[in-house]
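Listed below, chain by chain, are the residues.
6 protein chains.
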Amino acid sequence: MVSEDIKKLAKDIKEIKIQGASNIEKKAIDEIIKYIRKQKTEYTEFISGLYENVQHIVLQRPNEPKLRNSMSYILNKAQEMLTINQRQILVDDIKKYEQKTKEGNLIASENTSNMIKDGDVILTHCHSTLVEESLKKAHDKNIKFKVYCTETRPLYQGRITAKRLSDYGIDTTMVVDANVCNILKKADYFLTGADVVLADGSVVNKVGTHAISVVAEHYKVSHTVITTTHICEPQLFNNLRRAIETREIDEVWGKDRPKKLKIENPAFDIVPNNLIDKYITEEGIFSPETLYFWINKVNTKSI
Amino acid sequence: MVSEDIKKLAKDIKEIKIQGASNIEKKAIDEIIKYIRKQKTEYTEFISGLYENVQHIVLQRPNEPKLRNSMSYILNKAQEMLTINQRQILVDDIKKYEQKTKEGNLIASENTSNMIKDGDVILTHCHSTLVEESLKKAHDKNIKFKVYCTETRPLYQGRITAKRLSDYGIDTTMVVDANVCNILKKADYFLTGADVVLADGSVVNKVGTHAISVVAEHYKVSHTVITTTHICEPQLFNNLRRAIETREIDEVWGKDRPKKLKIENPAFDIVPNNLIDKYITEEGIFSPETLYFWINKVNTKSI
Amino acid sequence: MVSEDIKKLAKDIKEIKIQGASNIEKKAIDEIIKYIRKQKTEYTEFISGLYENVQHIVLQRPNEPKLRNSMSYILNKAQEMLTINQRQILVDDIKKYEQKTKEGNLIASENTSNMIKDGDVILTHCHSTLVEESLKKAHDKNIKFKVYCTETRPLYQGRITAKRLSDYGIDTTMVVDANVCNILKKADYFLTGADVVLADGSVVNKVGTHAISVVAEHYKVSHTVITTTHICEPQLFNNLRRAIETREIDEVWGKDRPKKLKIENPAFDIVPNNLIDKYITEEGIFSPETLYFWINKVNTKSI
Amino acid sequence: MVSEDIKKLAKDIKEIKIQGASNIEKKAIDEIIKYIRKQKTEYTEFISGLYENVQHIVLQRPNEPKLRNSMSYILNKAQEMLTINQRQILVDDIKKYEQKTKEGNLIASENTSNMIKDGDVILTHCHSTLVEESLKKAHDKNIKFKVYCTETRPLYQGRITAKRLSDYGIDTTMVVDANVCNILKKADYFLTGADVVLADGSVVNKVGTHAISVVAEHYKVSHTVITTTHICEPQLFNNLRRAIETREIDEVWGKDRPKKLKIENPAFDIVPNNLIDKYITEEGIFSPETLYFWINKVNTKSI
Amino acid sequence: MVSEDIKKLAKDIKEIKIQGASNIEKKAIDEIIKYIRKQKTEYTEFISGLYENVQHIVLQRPNEPKLRNSMSYILNKAQEMLTINQRQILVDDIKKYEQKTKEGNLIASENTSNMIKDGDVILTHCHSTLVEESLKKAHDKNIKFKVYCTETRPLYQGRITAKRLSDYGIDTTMVVDANVCNILKKADYFLTGADVVLADGSVVNKVGTHAISVVAEHYKVSHTVITTTHICEPQLFNNLRRAIETREIDEVWGKDRPKKLKIENPAFDIVPNNLIDKYITEEGIFSPETLYFWINKVNTKSI
Amino acid sequence: MVSEDIKKLAKDIKEIKIQGASNIEKKAIDEIIKYIRKQKTEYTEFISGLYENVQHIVLQRPNEPKLRNSMSYILNKAQEMLTINQRQILVDDIKKYEQKTKEGNLIASENTSNMIKDGDVILTHCHSTLVEESLKKAHDKNIKFKVYCTETRPLYQGRITAKRLSDYGIDTTMVVDANVCNILKKADYFLTGADVVLADGSVVNKVGTHAISVVAEHYKVSHTVITTTHICEPQLFNNLRRAIETREIDEVWGKDRPKKLKIENPAFDIVPNNLIDKYITEEGIFSPETLYFWINKVNTKSI
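Protein chains in written order, with this note's numbering: chain A, 88 to 390; chain B, 88 to 390; chain C, 88 to 390; chain D, 88 to 390; chain E, 88 to 390; chain F, 88 to 390.
Bound conformation, chain A alone:
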């Protein structure tokens, strides 16, 4: 049975009252921890109840990958419990996961900031907290660089990037999404975050990332992705055939749109591994191929 609190949270997520991948994830974790603490049932019942409540949250935004990753983590850890009394261990594990993710973010952005040089020209797309933090850290070190950001239709998340960076004092210029050729002709990096990394090192990110990445390769500009290894799911082959969330077409054109017009509004794009130059993570630099290799074959206990 889905608890009332979880129902309310789910509604807020669906109606986008709560938004932003990290924010959604945080709120969901908080509510699930509260839920876990309140349960007084037998072990089996606890697990099935937890599963039901987690599913209810995840289904509101089937392709919000950060959310799904931490919810999967919680379910996996719960299944390692032997009795219901180990709930506190579960809660501690969840908090450690949150903490480790946070630390991973700090190190990954510090690493990225060390890569940036005076005079660099950087293009970014959409809003990524890791990209934002990396650029702020580079700015803190008095490196003089120039950022271009797209507005990122349909929801204009690029404006968040634009505002935060320019308010912070970074030399920032915004352009419409398809106006990238002149910028990439003379740029040093196309820098993005990642929503999910697939089992072959391809990246799922905000729609438009794929096209801009093609243009970056055309001009021999490095598409560098900042991420943490926590975002990478354990190797699943059907990971490669992941369906992409299709969102409301009102986001693209409201009710005054023509009757017979179709609109496609996928939330994400898949950038194939061969277009990505490197991943910067809290564990160091990886190529698309070695990132997944690290997770699945070398450091299998890391997550």
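Hints listed in this document are in silico derivations from the structure and should not be mistaken for laboratory results.
Treat each hint with caution, since some may be false.
As the list claims (entries may be wrong) - Derived EDC-like pairs (lysine to aspartate or glutamate); straight-line CA-CA distance at most 20 Å:
1) D:307 - B:275
2) F:272 - C:118
3) A:233 - B:351
4) C:98 - C:118
5) C:272 - D:254
6) E:347 - E:369
7) A:272 - E:205
8) C:183 - C:118
9) A:204 - F:207
10) F:272 - F:207
11) C:346 - D:304
12) E:307 - B:304
13) A:273 - E:205
14) F:233 - E:102
Stated by the list, open to error - Some chain C residues near chain F, calculated using beta-carbon distances under 8 Å:
15) 305
16) 306
17) 334
Keep in mind it's a predicted model, so treat the numbers as computed, not measured.
For each residue, glycine too, the CB sits at the ideal point set by N, CA and C.
Use these hints to put chains B, C, D, E and F onto chain A, whose structure you have.
Using the frame of chain A, we list chains B, C, D, E and F on its own:
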């Protein structure tokens, strides 16, 4: 001295009360014909007055190429007059130019429609009357094809395309501007108009055309441009160094934008000739190289 | 009404008793000339009868382009006749066309042979009389070069090339069709004929030519096409949407093939203009773009 | 001394009475096990005799890599024996190797089948048991996809693929080998097996694979190779300079071929690592670079 | 019989006492004019003598194309003479040719200078008078641009460019020949002259031009060639198989070089037409394909 | 305080009396070992003194990477000392490092020599001891191959390669640096050493390597780098932003150069990882991505 009527027209153009390249051109030609008919001056004075009035119109939108092309035509023809009494010949020439342009459009779109086959998938960008007419003609011939169009930020001219084609019964789907990889992966044509054709066969078109053309080439999809030879200026080398009109940044983000944020808002992109597969015109099919060759070296009297 | 002789000819063509593009064309011209000489009707009746008989031949092999081109020529010329008494002029014109085509072949192969140097490595596909003649002429000049030819499935026309060149004393090696990477890695030319040149300079040639041309470009090897300007139809836009002849699937796998297996057996491939380096013709060297330009815009009376 | 049974087996392999890489391997293993069991000699003599008999088999088809790999395994394991009495341990090891290879095949094809989606279009070349099994498993899961296969000259192994898949109910279309451009233009995968994986992740596979892989890259289609890690030899640098088996030219053109014609008939092609998108194995997904890295640097005891 | 003056001139050319393509051409024309004026022979004798003397000059530097072109012109014009008395007409023609070439140079460099914009970054290789003049003219117009030039081994002709441009006040930087990646990554043009334009629009220019052109294409930088139509020979197919002059290996490494070391020292490179973006000439802008088309098919009387 | 011996060494390095990366490294290690042995100070003082002396050496040639790598190693090892009495352990460690590097070189060149086949054509640039040794070893095995080497401006280190290989009996041809297109068109390898390998597998090598690598990729020729894992620094993100040593411009053009001419004379180039096919090391074959992965993630104790 600039006449009051011309001043009013110029103001309307500047404030975008009159818009659309063909519409602006038509209104300007009408007013200039009226102006020419009213003049009663000596030849020299007539020419310098005409020059002043034409300049005044053109300067409102320095990169509205169709407008500039017909105004240049008028000034050139005026200089061929021997006496002020030949004004009627000038007016007739102007009307012939208008008529010929109109016929050229009809033939070019007929030609394009003959290229389209059942099952074709076509991507277009922005709104081009020639693209619209070509697709409608193909539809009239009962050819079953599918059109994708971008919304074309910042001014959403792609919605004009989307509305007119879907209202006409054509299978039409709109996407945001950077969402073109999945479409081009399986498309047959990237079909656009041209604002100007430069002296080396490169094309000036709505911002974003260049990036989408790069993606089209990545997937080996033909970038086919529909145009008429009337749009091509006589060969000028400084044509190649043409400045691109920069428009109001409010078009991209209104007054609530961050103070320190810069915005670049060029109206146009230059697509280099090597990305363009072919031009379809009223004179037949050209490559970027043979189009200009035709105009300057073979058919030098055609315009 | 289709004459008995034409009916017999058509049957032989259909059942491939008569084969080879030039041979089919020759036989058809001979029969049509005989037919023309025999007619004693009025002008209008003559034209419609001629049309009916020509159509009957052409329809046996809807994509035998050489045949269709000369039959079109005959119909066009017939329409220039003013009275039935000018039949001899028509016959003379047809013979001049045959003669001019033959001379064009000689010059084109002479031109090509002058391009070949000692030590050249040349790959060819299928059998083309123009390629064969060019290589023999180069051999006659004591140039030492090496030819690779594919076997050209399903009908093994490459064996014709292999036999004629090796019998002539040319250093010739045959390989299966897909075994071209090692050869092209160190080759100087991929040399083919053309069945039709389309209105944008793309070439229709034996199936497989497109794939080999892609591999040639991968290794920066020139795809040089030998043709005559007589093969190029007057510019037709629907030329670009030409359907490709689909042949009997028995050619690929006989009656013992699995019941549920589908087989696709197109006779031809379309190689897009951007993969073709140059055309060598009786009129000189052309790029894909200038070849059609020559025919339609410069030398419009040449055919 | 080579035993009579081994001599007979070798003769059958040479004359292609026994064919198919897995079948040859199985028969050879069976005979070698029988041979091992029969020996009653001293240890040193046993080893040299085994070496002689294994060599005799391998030399019949110097480039049948699967055969050579298991024979190497047997020789290596034999050298680990301390006394002749450990023959049973050797036989057990050989059987475990066979078993492990079989299981690896099952997992690799299961993994591949999970990658295939409804609507996928897949091209394959030659016959690979792993490809066949993968596609059958995907079909068993009710996924609706379309397979194209080449006929694979000169020995038409593609017909085996064509027959087995179409008999199984899979939507299968066969084409001649060079007819791949139209298919790859709209395909999702070029899927092949591997005869050997070289020390730099390049793949040795049926002649023609390289050219088709070039065309796949041209259209941005993933060349995915299914293999097991058992096929990869321990890292040998001269692995990179492997000679390719040249087979009888009668396979290409029988005795009626022209006297002076040369024919090249290599059995295999080497596809360089940069053309291969990924390997699917029983151990998961690898890039060409990480596959060998896994075998030599991470899991060195795995084989 | 070769005259003493011509012998002396030939010796000076061979020993590089006279150098620089234009300079050699000028001296040779002057001497040939003197020779023509002195002859008092019959027409046939005159022609054969002229042929002998011209040959003697040309053979000193078999690949000095400018020299050969004007000498061919002289021989062709001489053959148009009807009697020996028309020698003055011949001399006048030669002078007109010289004058026209000079004017062509002026217009071509003026045209090029109009293409250059403020902020442009231009790479050039070797020394070309047309490149030098174009850049000086752009500088005269107060355009602010930056030039990089290579030193151009083995004879350091790039130093001539470096000196003349920097002395003229142009912002000029010299680098060694292979140090072009960082420059081309952010450049606008790779600008060179041409020694000969071949019949397919490929260009023969100083060794190294081909490699730098490949790098320019890698970074999508236009390789723009400045030339005059006078440099283009009438269409000859064996033009395509032109041998490249091999020069003294002492130029690369003097007498102290190792005994067994081979050195290859070709004077020129052939840049294939597909790497060249455009030609700027006195007749306007051409693509590699339309340049030759112009000369052979449109303006056949122009030279 | 910097010792007198170290001061003298530093002066000799700066004035290029001591040159060649390995030689400089050896001399510096010898002097530092002598310095360590002489110290009689407290631990803290010892460390700071060592740091000061090492810095003094390194600063003479800030981009002599081999030197810096071994000096870093010494400082790191010194910091592992617990007391000043462990100096002998430190000295032993330094000698082991020297020994291991030497052995690594031997194995890496042996590995490379096993990759070379009869008939191979190899281009190399500058002088690399590893390349030299590899080619000599292949020659010792009686493999018949052909080497091309560039002269490598400005300091002509290619002549060292040219002399040593040709004196050794290897078929060696030298060309000027930009004369590489004709060679790479038909070559099998572009083989170089590496000055440093960056954290993403990119390579720092003699200026010109990047451009030649671009041309190699153009012709699908493998850029193979021979190195040892000892050259790879532990993963540092600012490794990626490494400044490149700028050397005296006199090396390019001496005192007679024009006053206003600028010269850029970087010592090194950075070749991005995607242009490099493989690394051959003493540990086996790596891709650019797995080489660093090996060092940082798998074999972290190896250096």
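Results of checking the hints against the structure:
1. D:307 - B:275: holds, 15 Å
2. F:272 - C:118: violated, 52 Å
3. A:233 - B:351: With Cα atoms ~14 Å apart, residue 233 of chain A and residue 351 of chain B stay inside 20 Å; holds.
4. C:98 - C:118: Holds - the C-alpha atoms of residue 118 of chain C and residue 98 of chain C are around 13 Å apart, at most 20 Å.
5. C:272 - D:254: Between residue 272 of chain C and residue 254 of chain D the Cα gap is close to 39 Å, so the pair fails against 20 Å, i.e. violated.
6. E:347 - E:369: Violated, at about 49 Å.
7. A:272 - E:205: Holds. Residue 272 of chain A to residue 205 of chain E sits at ~17 Å (cutoff 20 Å).
8. C:183 - C:118: holds, 16 Å
9. A:204 - F:207: Violated, at about 41 Å.
10. F:272 - F:207: holds, 13 Å
11. C:346 - D:304: violated, 33 Å
12. E:307 - B:304: Holds, at about 13 Å.
13. A:273 - E:205: holds, 16 Å
14. F:233 - E:102: violated, 33 Å
15. 305: Cβ of residue 305 of chain C sits 7 Å from chain F, so the hint holds.
16. 306: holds, 6 Å
17. 334: violated, 35 Å
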